[in-house]
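Trainee: Sequence:
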Amino acid sequence: MQHRRRNPEEEETQRGEVVYVDKKKKGWLKSLRSLLFLYVAETQGRLREYCYCFGSSMGLNGKGEKLGVYPSFMGWSIPYLIGAAKFHPLPVLLGGSLLFFMAVEYTLVMVSAGSEPYDVGFVWTQGLHDLLMQRPYLNSLLAAMNTAFVGLQTGYIIWTWLVEGRGRPTIAALFMFTCRGILGYSTQLPLPQDFLGSGVDFPVGNVSFFLFFSGHVAASVIASVDMKRMKRYHLASIFDTLNVLQSVRLLATRGHYTIDLAAGLGAGWLFDSLAGKYEESKRNLGQKEDLEYDPLINLQPTSIK
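Under the UniProt record's numbering, the first residue of the sequence shown carries the number 1, and numbering increases by one thereafter.
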């Protein structure tokens, strides 16, 4: 049996594994990196042996092979982790934000029970709030424009059902408003101080409305997602822009908290997805039962997902 001549740049661990260590590189940082690689390989080897022994003690499988446990992280190395971080920057960023907000959560002083809720959206829109308070006519004008936008959302959703024969946006809206009613009644948040109401706002003449979550934002998202699904990108971009302006106005008039708007954004995506799953399940059931027509969903599968 021939033995390979060992390169002087290789070092062997206690289990015979070869780890490359560049001894020609100078500097304590490079030496530290080489030692770290060696330590990681040594640690992984010992853990691998332990896991295999632990797994083999469980007995044999149906083929007579020893059961071994090899966790995924046993094969990780520092170059592998660096490459994975470059390929997945978003999870790395989210992991950093997790650590950041964990620190914020345990160091931030809570708002006292007798104080008004702190809302960063109210802080950012304080200037616009003061402007609308000084000019009620401007507040009413923006409220009327917002009400018109709500009418456009409603009209589009109904149009897709009655004219185009696609009930997914309508089903999503029904899901959304039902859930909003349940959550809004379950936790009735106080109306923010300095609320700027208007007679032309929607809902008209109702100051005791549900705050969580924003139906204005959620319905706009449902309509926009459907537009993108049908490749009406220009119309969808208009709705997205109006939705942003609508959110700024709702914050400036203290009609919604920031969390209401953020939850409404997520709710729009969620209930559109649920409506799609419902539509697909009923389409499959209708095809099995040989139904020729359904007034709510298109029984013929579409190529646009």
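These are calculated hints, taken from the structure and not from any lab test. There could be a bad hint or two in this list.
As the list claims (entries may be wrong) - Once the Cα atoms are required to be at most 20 Å apart in a straight line, the calculated EDC-like pairs of lysine to aspartate or glutamate come out as:
id : residue 1 : residue 2
1  : 228       : 280
2  : 282       : 164
3  : 30        : 42
4  : 231       : 164
5  : 228       : 164
6  : 86        : 105
Note that the coordinates shown come from a computational prediction; the quantities given were computed from them, not determined experimentally.
Trainee: Any hints this thing doesn't respect? Which numbers, in order?
Mentor: 6
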